[in-house]
Amino acid sequence: MTYIGIIITFVFITNFIFTRFLGLCPFIGVSKKVDSAVGMGFAVIFVSSIAALVTWVIFNLILVPLNITYLQTITFILVIAALVQLVEMMIQKISPELYRALGIYLPLITTNCAVLGIALIAVQEEYGVIESFVAGFSAGAGFLMAILLMSALRERLDREDIPKAFRGAPIAFISAGLMALGFMAFDMTLLKNLIG
Amino acid sequence: MDLLQELLLILYALIGVAGLGILFGIGLSLASRFLAVQKNEKVELIEKALPQVNCGACGFAGCAAYAEAVASGNVEINLCTPGGAETLKAIAHIMSVDAPEIGEKKVTQVHCKGGRGTAEYSFEYSGVKDCNALFLIGGGNKVCKYGCLGLGSCIKVCPVDAISYDDIGLVVVDKDVCISCGKCIDVCPTKVMRWIPYSADYIVACNSNDKGPVTKRACKVGCIGCKICEKKSPEGGYVITDFLSVIDYSQTGDRNEGAEKCPPKCIIKN
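Protein chains in written order, with the working numbering: chain X, 1 to 196; chain R, 1 to 270.
Bound-form chain X, shown alone (with noise of 0.2 Å):
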């Protein structure tokens, strides 16, 4: 049951676009075809649980003996950027198709601060090692759910007619806010009724 809760969590209540506002630079940047945003979710689902699994490794076989917890953040974000670097090798020699589908995308994911943040808040919570993949997967299947929403909404966008000074990022903002307003629909007490 908890791992369906934090899925309900990091998915639709704590939405890490829409409620906790991590990740807006690939969110608005890759964001403008349907086909590039999804293959940027994908990128970031598996960055982000395979990133949660390592980190809590790390965490806690290393920074929690050694008692220097303190320095979650710099190491995670080392960790992170090791990580992306090896994904990207083995990807390339073992499925070139995926590494051309993922393409700059993976690379990019080194700077996403949502993929940091997922980590840092398994931390936070204390979870054990299979909720942390849990949560990383979740978080990163939030940011896919976003991401194909919102450039479903700008490719319509590109053909309205648009005051001149709310073109391309402004107007973009703008139905990102009014989604993060829809998004406040989800909160605790619905998952409180959904699952107890």
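No lab work stands behind these hints, which were simulated from the structure alone. Every value quoted in this text rests on a predicted model; they were computed, and no experiment measured them. A portion of the hints provided could be inaccurate.
[What the hints assert, rightly or not] Taking lysine-lysine and the DSS-like style, the derived pairs with C-alpha atoms no more than 25 Å apart in a straight line are:
| hint | chain 1 | residue 1 | chain 2 | residue 2 |
| --- | --- | --- | --- | --- |
| 1 | R | LYS48 | X | LYS93 |
| 2 | R | LYS156 | X | LYS32 |
| 3 | R | LYS232 | R | LYS269 |
| 4 | R | LYS211 | X | LYS33 |
| 5 | X | LYS93 | R | LYS42 |
| 6 | R | LYS129 | X | LYS33 |
| 7 | R | LYS220 | R | LYS191 |
| 8 | X | LYS164 | R | LYS269 |
| 9 | R | LYS156 | X | LYS164 |
| 10 | R | LYS89 | R | LYS48 |
| 11 | R | LYS265 | R | LYS231 |
| 12 | R | LYS183 | X | LYS32 |
| 13 | X | LYS33 | R | LYS216 |
| 14 | X | LYS32 | R | LYS129 |
Fit chain R to the given chain X structure using the hints.
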């Protein structure tokens, strides 16, 4: 808490972070050796020789995809029209085959000058700014159904921004920027965008196959098929078919006389 303990804490922090950093560094360098992907040298060379505009004129997803296909040896090496003769020569050299001859560079041009003030409009359009959308409504908002609709769908697809609006709300192609990818020709619903040789001195800026009086009512600068250009410049390659003069550019004779005597002045310098 004494000094020793504090020093120990600093040491742990140093060892922890530096150790992790060194570990990752060594791990990554090892990984890059074991996981190195052997790239085909030919592919890289060919990719460098291609113009890198990713226009898709060759029928592949981009320059990288085409380079790979060429290196595999299963496709023709002359599919890159934007690159022209130079790219072809470079690829032929890399693949060590003889370069096939290609003709003169082709560019596109809009064969219409009937805009605001010269052409008649049948209704005002304020819908989606897309030529194909307007074309669905009875073939456009001009009385003439052959001309340029002026909503700039070609401007949007042009990968090198060679197309721009002129002063009467129609579009014009800059032949020095055009890379001959043909995307504008594919997107244009009225087929008013046509191929011309790069060296073309004159174009007949009209696409109307209507009879003379019909064209005249719809547009002041439309070709009425009067054949004066053909008579005044017999060597100029003017051919009138279906009430429209089209220049046969393989004829290199004088076209100036015919252009000057054209009653609606639709033969213009390119």
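Hint check results:
no.	hint	verdict
1	LYS48(R) - LYS93(X)	23 Å, holds
2	LYS156(R) - LYS32(X)	15 Å, holds
3	LYS232(R) - LYS269(R)	17 Å, holds
4	LYS211(R) - LYS33(X)	45 Å, violated
5	LYS93(X) - LYS42(R)	19 Å, holds
6	LYS129(R) - LYS33(X)	19 Å, holds
7	LYS220(R) - LYS191(R)	20 Å, holds
8	LYS164(X) - LYS269(R)	36 Å, violated
9	LYS156(R) - LYS164(X)	17 Å, holds
10	LYS89(R) - LYS48(R)	13 Å, holds
11	LYS265(R) - LYS231(R)	15 Å, holds
12	LYS183(R) - LYS32(X)	21 Å, holds
13	LYS33(X) - LYS216(R)	45 Å, violated
14	LYS32(X) - LYS129(R)	18 Å, holds
Against the hints set out earlier in the document, violations occur for numbers 4, 8 and 13.
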